[in-house]
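Protein chains in written order, with the working numbering: chain A, 1 to 261; chain B, 262 to 604; chain C, 605 to 882.
Think of the hints as simulated: they come from the structure by calculation, not from any bench.
All values reported here derive from a predicted model rather than from experimental measurement.
Fair warning: there could be bad hints in the mix.
[Stated by the list, open to error] Below, computed lysine-lysine pairings styled on DSBU-like, alpha-carbon distance capped at 35 Å:
| id | chain 1 | residue 1 | chain 2 | residue 2 |
| --- | --- | --- | --- | --- |
| 1 | B | Lys360 | B | Lys381 |
| 2 | A | Lys156 | C | Lys773 |
| 3 | B | Lys536 | B | Lys435 |
| 4 | C | Lys663 | A | Lys102 |
| 5 | B | Lys579 | B | Lys536 |
| 6 | C | Lys871 | C | Lys689 |
| 7 | A | Lys52 | B | Lys284 |
| 8 | A | Lys45 | B | Lys579 |
| 9 | B | Lys326 | B | Lys365 |
| 10 | A | Lys126 | A | Lys94 |
| 11 | B | Lys471 | B | Lys283 |
| 12 | A | Lys102 | C | Lys667 |
| 13 | C | Lys689 | B | Lys435 |
| 14 | C | Lys689 | B | Lys326 |
| 15 | A | Lys256 | C | Lys689 |
| 16 | C | Lys741 | B | Lys500 |
| 17 | C | Lys741 | B | Lys498 |
| 18 | B | Lys326 | A | Lys126 |
| 19 | B | Lys542 | B | Lys360 |
| 20 | C | Lys773 | C | Lys871 |
| 21 | B | Lys471 | A | Lys52 |
| 22 | A | Lys90 | A | Lys102 |
| 23 | C | Lys612 | A | Lys94 |
| 24 | C | Lys773 | A | Lys102 |
| 25 | C | Lys663 | A | Lys4 |
| 26 | B | Lys452 | B | Lys328 |
| 27 | C | Lys663 | B | Lys328 |
| 28 | A | Lys158 | A | Lys181 |
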Amino acid sequence: MVKKHISRIYTGLIFFFLYAPIFILILFSFNEKKNLTKISGFTLKWYFELFKDRQIMQAIYYTFIIAIIASIIATIIGTLAAIGLHNRKKSKRKTALLTINKIPMMSPDIVTAIALMSFFIYINQKFSFFELGFGTLLIAHITFNIPYVILSVMPKLKQMPLNTVEAAMDLGASQFYAFRKVVLPEIFPGIITGLLIAFTMSIDDFVISFFTTGHGISNISILVFSSARVGINPKINALSTLLFITVMFLLILINKRTKKV
Amino acid sequence: MKKSVLLFCILLFFIMVGCGEKKEELYVYNWGEYIDTEVLSQFEEENDCVVIYQTYNTNEDMYLKLKKSGEKYDVIFPSDYMIEKMVNEDMLHEIDIEKLENYKHVNSAFKNFDFDQNNKFGIPYMWGTIGILYNSEVVDEDIGSWDMLWNEKYKDRILMFDSVRDTFACALKKLGYSLNTENESEIEEAKQLLIEQRDLVKGYVVDQVKTMMPNGDADIAAIWSGEAILLMEANPKLKFFVPESGSNIWFDNMSIPKTSENVELAQKFIDFMCKPEIALKNAEYIGYATANSSAQELLSDEIKNNPLYYPNQKIIDKCEVFKDLGETIKLYDKAWVEVKVSK
Amino acid sequence: MFGKILDKPFIFWSVLFTLIPLCLIVFFCFTTSPFGLDQVDYSFSLENLQKVFEPMYMKIMLKSFQLALIATVICLLLGYPLAYKIANTSMKWQQVMVMLVVVPMWMNFLLRTYAWLLILGTNGYFNMFLDFIGLPKIEILFTDAAVVLGMVYNFLPFMVLPIFTVLRKMDNKLVDAARDLGATDSVIFRRIIFPLSIPGIVSGVSMVFMPAASTFVISSLLGGGQYMLIGNLIEEQFMRIGDWHFGSALSIILMVFILISMIIMNKYDSDEGSSGLW
Chain A
1 MVKKHISRIY TGLIFFFLYA PIFILILFSF NEKKNLTKIS GFTLKWYFEL
51 FKDRQIMQAI YYTFIIAIIA SIIATIIGTL AAIGLHNRKK SKRKTALLTI
101 NKIPMMSPDI VTAIALMSFF IYINQKFSFF ELGFGTLLIA HITFNIPYVI
151 LSVMPKLKQM PLNTVEAAMD LGASQFYAFR KVVLPEIFPG IITGLLIAFT
201 MSIDDFVISF FTTGHGISNI SILVFSSARV GINPKINALS TLLFITVMFL
251 LILINKRTKK V
Chain B
262 MKKSVLLFCI LLFFIMVGCG EKKEELYVYN WGEYIDTEVL SQFEEENDCV
312 VIYQTYNTNE DMYLKLKKSG EKYDVIFPSD YMIEKMVNED MLHEIDIEKL
362 ENYKHVNSAF KNFDFDQNNK FGIPYMWGTI GILYNSEVVD EDIGSWDMLW
412 NEKYKDRILM FDSVRDTFAC ALKKLGYSLN TENESEIEEA KQLLIEQRDL
462 VKGYVVDQVK TMMPNGDADI AAIWSGEAIL LMEANPKLKF FVPESGSNIW
512 FDNMSIPKTS ENVELAQKFI DFMCKPEIAL KNAEYIGYAT ANSSAQELLS
562 DEIKNNPLYY PNQKIIDKCE VFKDLGETIK LYDKAWVEVK VSK
Chain C
605 MFGKILDKPF IFWSVLFTLI PLCLIVFFCF TTSPFGLDQV DYSFSLENLQ
655 KVFEPMYMKI MLKSFQLALI ATVICLLLGY PLAYKIANTS MKWQQVMVML
705 VVVPMWMNFL LRTYAWLLIL GTNGYFNMFL DFIGLPKIEI LFTDAAVVLG
755 MVYNFLPFMV LPIFTVLRKM DNKLVDAARD LGATDSVIFR RIIFPLSIPG
805 IVSGVSMVFM PAASTFVISS LLGGGQYMLI GNLIEEQFMR IGDWHFGSAL
855 SIILMVFILI SMIIMNKYDS DEGSSGLW
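Whenever a hint applies, use it, and build me the whole structure from the sequences.
Right under this line is the structure:
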């Protein structure tokens with residue numbers, strides 16, 4: 001009996017630890033004054049200020065657009081790659097490619113970041129191409145997203161019954177048709193998982209974006225980093241609250257979908 | 262099918278929202294919290310353009326960004342020694358003073374610097390000193406001296422600059438040396454002093470001082486005069502002084518990097534910033550001393566006559582301006598890392 | 605033909621944006637150029653690598669690994685019991701609890717770290733609470749403790765999830781059989797559950813230790829400019845000092861560490877490539 005209570009209290013404490021900072025952020029987004037120590041009054045004004053702040057709105061815009069485009073492109077490249085790699089026979093080449101795929105995932109963010117930044121700047125100096133900006137930011141995001149897609153799709157490919165594709169082709173289907181009607185439906189959950197993970201990674205990224213962006217393009221993480229060094233900004237708290245609600249909403253949605261399946 | 266069409270439309274919408282009509286763009290790169298952003302909107306309206314505003318924390322950050330990343334900026338705000346350095350490396354456009362209608366409002370005392378004769382490369386924006394801000398309710402010793410930053414009594418309640426030259430300036434000045442010294446043993450002494458100070462320092466910060474001092478997270482801070490002013494206005498218990506033995510006086514200027522793709526618009530912007538009403542707005546918002554004498558006149562008496570806000574000649578005479586140190590800066594950089602690692 | 609082109613885009617992309625940049629960093633690591641940044645005058649040199657091994661910089665490495673290790677151990681100590689508890693709850697609650705663990709991960713990492721600035725200040729919530737219960741205030745912000753706390757907070761879910769995944773897959777019949785044979789709970793844990801959960805622990809450790817050791821955000825925001833960890837040092841080299849060669853050397857050393865840990869981990873990892881998050 002005691003054990004049960006202890007474990008319940010323990011779990012409760014851990015979740016309290018995980019959520020307390022988030023709730024404090026949310027609480028103070030409604031505070032009248034910028035002050036941390038007192039609650040001076042309830043207000044929604046920081047939310048309005050948030051929407052009026054051009055820098056913040058731009059950061060939100062870029063965060064989402066980069067995440068959407070990068071995750072879609074990464075999913076396309078990654079899915080095709082997973083299938084192609086899966087179809088290869090075991091060879092040194094295959095192992096090499098799989099290892100290269102893991103590099104962005106295993107490298108510390110900062111190493112990936114400086115490698116890409118140095119590459120872009122170097123090429124820019126020599127060939128005037130890859131100027132730091134939206135393009136380079138997008139490329140960087142796609143680069144670190146692809147491994148997650150491949151690693152989400154490949155297990156599904158492995159689970160696929162071995163000879164379905166051949167069976168389909170024996171029955172007269174073209175390679176492409178077999179792919180569309182047989183392979184794709186089987187691996188679809190993996191593709192969606194990969195897409196979602198890629199999307200999440202992009203939304204949350206800071207280090208790689210920090211080094212590979214330019215032309216004034218910021219995302220939410222970069223903005224919070226610069227703001228946090230100045231001090232506390234209630235507009236950031238307001239942003240956190242909105243993000244939190246969005247995240248909860250999305251996760252509940254996903255949960256409902258997986259329940260249906 | 263329907264779902265993917267919907268998704269596609271949402272995507273298209275986003276992309277379209279992103280691409281507005283193409284207006285002229287001005288890339289302004291400035292210190293954090295160093296402008297009244299309303300001023301930017303005003304400029305945009307008057308000139309039918311878009312200002313892309315970015316910020317940096319130290320001169321070194323800005324210099325590297327410009328040099329290494331190949332990013333194009335039109336207007337930057339380098340400090341004295343950084344202008345010297347950038348001129349030596351041919352990174353700045355000469356400014357055509359003739360084209361600046363409002364140049365006449367700039368304080369004539371600042372129209373000819375050692376590091377930039379006749380404001381060829383930079384138009385003065387703000388100026389100030391380095392001093393010490395303290396909580397008068399808690400601190401009662403060493404008032405007026407650099408020693409306050411080394412006072413054991415205030416252990417773990419002291420803030421220093423996260424900027425190599427500014428923090429070294431404090432140590433060098435305490436030792437009575439020039440803050441531009443290239444003498445290795447003097448730099449070494451300053452480094453030792455800073456290492457000794459480590460246990461007393463709560464943190465090396467730049468902007469965080471503005472929340473930490475009022476919140477009571479620290480009681481003493483090495484600080485730039487302008488920030489001290491804003492903080493004192495909001496918190497009467499905070500007081501500021503420029504140490505008797507001398508300190509640093511600095512000037513931030515508006516310059517046009519050679520990589521600018523829109524020199525004309527950049528010049529217009531600088532001219533706009535020299536308008537008395539605009540300079541006044543900026544000065545009031547950020548609290549620093551403006552280099553624009555017409556704007557200075559428009560300030561309230563208590564501000565313009567306060568030697569803390571507008572240092573008088575006595576204080577100015579005791580202060581040194583930073584000079585570009587060329588290769589010697591490497592000595593400082595190395596020493597700085599050693600200080601940070603020493604704990 | 606359709607089959608043949610499938611992985612070409614990926615190969616092209618990886619070579620261009622993963623391999624070549626890495627090669628560039630290796631190149632910078634083994635060369636120097638005169639101070640002045642404009643130069644295209646690269647000469648071979650080992651001095652960058654030698655510099656990494658200087659006492660001052662080794663101190664930084666050690667500190668980074670030390671703090672990361674402490675954070676990893678704390679994550680393990682806190683996370684294992686939680687993973688165990690979740691694995692042993694009913695299916696209905698399990699999903700909810702996993703979701704609860706995952707939600708903070710989806711919240712922006714910067715925002716979560718920023719939140720601690722509010723809590724740990726001298727007059728922040730934690731001290732207010734201490735004050736309320738009559739204890740003296742403590743200065744945590746800008747100390748080792750704050751940085752470790754930040755690491756634990758950010759990486760705890762990454763420790764919990766892999767361990768939970770492994771524990772969940774574990775065959776309960778083994779536990780039942782052991783019980784039938786008379787084993788006590790602690791023996792069951794020590795001889796059955798714990799050994800079987802080791803792959804999960806290894807996975808968790810790998811997802812916490814290296815990211816913690818190479819962070820620069822946590823040490824920057826919560827360390828108050830005092831924290832020179834490897835990540836901060838690399839960032840400074842590239843962003844403020846401009847010595848790309850030395851920065852690259854540091855990065856290569858980090859990569860070597862990762863390689864070593866990957867090899868060690870491969871011994872425990874029979875599974876080819878689960879993505880670990882879901």
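Hint-by-hint comparison with the structure:
1. Simply put, Lys360 of chain B and Lys381 of chain B have alpha-carbon atoms about 12 Å apart, close enough for the 35 Å limit, and the pair holds.
2. Proposed proximity of Lys156 of chain A and Lys773 of chain C is supported: the alpha carbons are some 18 Å apart, at most 35 Å.
3. Only pairs whose Cα atoms come within 35 Å are accepted, and Lys536 of chain B paired with Lys435 of chain B is rejected, the gap being roughly 39 Å.
4. Distance check on the hinted pair: Lys663 of chain C and Lys102 of chain A sit about 30 Å apart at the alpha-carbon level, within 35 Å; holds.
5. With a C-alpha separation of about 31 Å, the suggested pair Lys579 of chain B and Lys536 of chain B falls inside the 35 Å cut-off, and the hint holds.
6. Simply put, Lys871 of chain C and Lys689 of chain C have alpha-carbon atoms about 28 Å apart, close enough for the 35 Å limit, and the pair holds.
7. A distance of roughly 21 Å separates the Cα atoms of Lys52 of chain A and Lys284 of chain B; the hinted pair therefore holds under the 35 Å criterion.
8. For the hint linking Lys45 of chain A to Lys579 of chain B, the alpha-carbon distance of about 47 Å lies beyond 35 Å, and the restraint is violated.
9. As the CA atoms of Lys326 of chain B and Lys365 of chain B are separated by approximately 32 Å, the hinted pair is consistent with the 35 Å bound.
10. A C-alpha spacing of about 33 Å is found between Lys126 of chain A and Lys94 of chain A, which places the hinted pair at or below 35 Å, so the restraint holds.
11. Distance hint between Lys471 of chain B and Lys283 of chain B is unfulfilled; the C-alpha atoms sit about 38 Å from each other, more than 35 Å.
12. A C-alpha spacing of about 27 Å is found between Lys102 of chain A and Lys667 of chain C, which places the hinted pair at or below 35 Å, so the restraint holds.
13. With a C-alpha separation of about 59 Å, the suggested pair Lys689 of chain C and Lys435 of chain B falls outside the 35 Å cut-off, and the hint is violated.
14. For the proposed pair Lys689 of chain C and Lys326 of chain B, the alpha carbon gap of about 50 Å is over 35 Å, so the pair is violated.
15. With a CA separation close to 24 Å, the supplied pair Lys256 of chain A and Lys689 of chain C stays within the 35 Å bound.
16. Between Lys741 of chain C and Lys500 of chain B the alpha-carbon distance is near 25 Å, which keeps this suggested pair within the 35 Å criterion.
17. Distance hint between Lys741 of chain C and Lys498 of chain B is fulfilled; the C-alpha atoms sit about 21 Å from each other, no more than 35 Å.
18. The straight-line distance between the Cα atoms of Lys326 of chain B and Lys126 of chain A is roughly 17 Å, inside the 35 Å bound, and the hint therefore holds.
19. At roughly 23 Å between alpha-carbon atoms, Lys542 of chain B and Lys360 of chain B fall within 35 Å of each other, so this suggested pair holds.
20. At roughly 20 Å between alpha-carbon atoms, Lys773 of chain C and Lys871 of chain C fall within 35 Å of each other, so this suggested pair holds.
21. Restraint check for Lys471 of chain B and Lys52 of chain A: satisfied, since their Cα atoms lie roughly 24 Å apart, inside the 35 Å limit.
22. A C-alpha spacing of about 17 Å is found between Lys90 of chain A and Lys102 of chain A, which places the hinted pair at or below 35 Å, so the restraint holds.
23. Taking the CA atoms of Lys612 of chain C and Lys94 of chain A, the gap is near 13 Å; set against the 35 Å cutoff, the hint holds.
24. Distance restraint check for Lys773 of chain C and Lys102 of chain A: the Cα-Cα separation of roughly 25 Å lies within the 35 Å cut-off, and the hinted pair is therefore satisfied.
25. Of the supplied pair hints, the one linking Lys663 of chain C and Lys4 of chain A is violated, its CA atoms being roughly 45 Å apart against a limit of 35 Å.
26. Of the pairs offered as hints, the one joining Lys452 of chain B and Lys328 of chain B holds, with about 28 Å between alpha carbons and a cut-off of 35 Å not exceeded.
27. A threshold of 35 Å between alpha carbons decides the hint, and for Lys663 of chain C with Lys328 of chain B the separation of about 31 Å falls inside it, so the pair holds.
28. For a cut-off of 35 Å, the pair hint linking Lys158 of chain A to Lys181 of chain A stands: about 17 Å separates their Cα positions.
The structure fails hints 3, 8, 11, 13, 14, 25 (numbered hints given earlier, in ascending order).
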